[in-house]
Amino acid sequence: MMEKVMDTVSDSGMLVATFLLNNALFGINAKQIQEIVQIKKLTRVHNAPSYVKGVMNLRGRVVTVIDLADKLDLPPVLDSEENRVLIVEWKQEYIGILVEKVKEVIQLEKDSIKPPPRNVHGVQAAFITGVFKNRDGFAAGLLDFSKILHIEENQNQ
Numbered sequence: 395m396m397e398k399v400m401d402t403v404s405d406s407g408m409l410v411a412t413f414l415l416n417n418a419l420f421g422i423n424a425k426q427i428q429e430i431v432q433i434k435k436l437t438r439v440h441n442a443p444s445y446v447k448g449v450m451n452l453r454g455r456v457v458t459v460i461d462l463a464d465k466l467d468l469p470p471v472l473d474s475e476e477n478r479v480l481i482v483e484w485k486q487e488y489i490g491i492l493v494e495k496v497k498e499v500i501q502l503e504k505d506s507i508k509p510p511p512r513n514v515h516g517v518q519a520a521f522i523t524g525v526f527k528n529r530d531g532f533a534a535g536l537l538d539f540s541k542i543l544h545i546e547e548n549q550n551q
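Its first residue numbered 395, the sequence shown is counted upward by one per residue in my numbering.
Because the hints were derived from the structure by calculation, they are not lab data.
Hints are supplied without guarantee of correctness; some may be wrong.
Stated by the list, open to error - Subject to a maximum C-alpha distance of 20 Å in a straight line, what follows is the list of computed EDC-like cross-link-like pairs (lysine to aspartate or glutamate): (1) 485 to 467; (2) 504 to 538; (3) 541 to 467; (4) 435 to 467; (5) 434 to 476; (6) 508 to 530; (7) 541 to 487; (8) 434 to 505; (9) 497 to 429; (10) 495 to 530; (11) 497 to 473; (12) 434 to 467; (13) 497 to 475; (14) 425 to 467; (15) 527 to 498; (16) 435 to 476; (17) 497 to 530; (18) 541 to 483; (19) 425 to 503; (20) 425 to 498; (21) 434 to 503; (22) 425 to 475; (23) 485 to 538; (24) 527 to 483; (25) 527 to 505; (26) 508 to 538; (27) 425 to 505; (28) 485 to 530; (29) 495 to 473; (30) 508 to 483; (31) 485 to 429; (32) 497 to 538; (33) 425 to 464.
Unchecked claim - FRET-style restraints, in silico, Cβ to Cβ: (34) 520 to 487: 20 to 26 Å; (35) 503 to 439: 18 to 24 Å; (36) 455 to 503: 32 to 38 Å.
Quick caveat: nothing in here was measured; it's all calculated off a predicted structure.
Backbone N, C-alpha and C define an ideal beta-carbon position, used for all residues, glycine too.
Let the sequences and hints guide you as you build the complete structure.
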């Protein structure tokens with residue numbers, strides 16, 4: 395798994411967007427993010443899984459918004475002015491990933507991304523492809539949204 399992550403990191407490193415979910419720090423390759431927006435009015439989707447918060451209109455596009463905390467078996471993100479939606483494109487569709495708070499975008503050197511600890515199990519282990527430290531020295535899990543969205547696609551079939 396770590397080899398796959400390292401294949402996506404250039405010799406100059408990786409630009410990573412960091413964010414909070416229930417005060418836990420995570421990051422993703424910033425290239426996966428199309429834009430970051432404030433949460434807009436959501437329309438609930440009946441019979442959708444618990445992690446689907448609803449759909450929103452983004453400049454005429456319907457965007458499905460997923461509560462990433464719920465997807466990672468963390469308590470759901472509480473409503474706050476700091477909540478943001480990370481817009482990612484997946485198979486010609488826009489998906490919104492609800493996060494508690496966006497922290498910063500940092501440049502990581504290739505050797506600063508380490509394998510995930512062995513004590514990470516369950517759902518999180520499937521999605522955390524590495525760990526790194528932010529500028530303040532706090533550890534963060536590097537998530538692979540393509541894995542999260544791929545599993546979502548398989549569950550819908």
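Ascending list of hint numbers which this structure does not respect: 1, 4, 8, 12, 14, 21, 22, 24, 28, 30, 33 and 35
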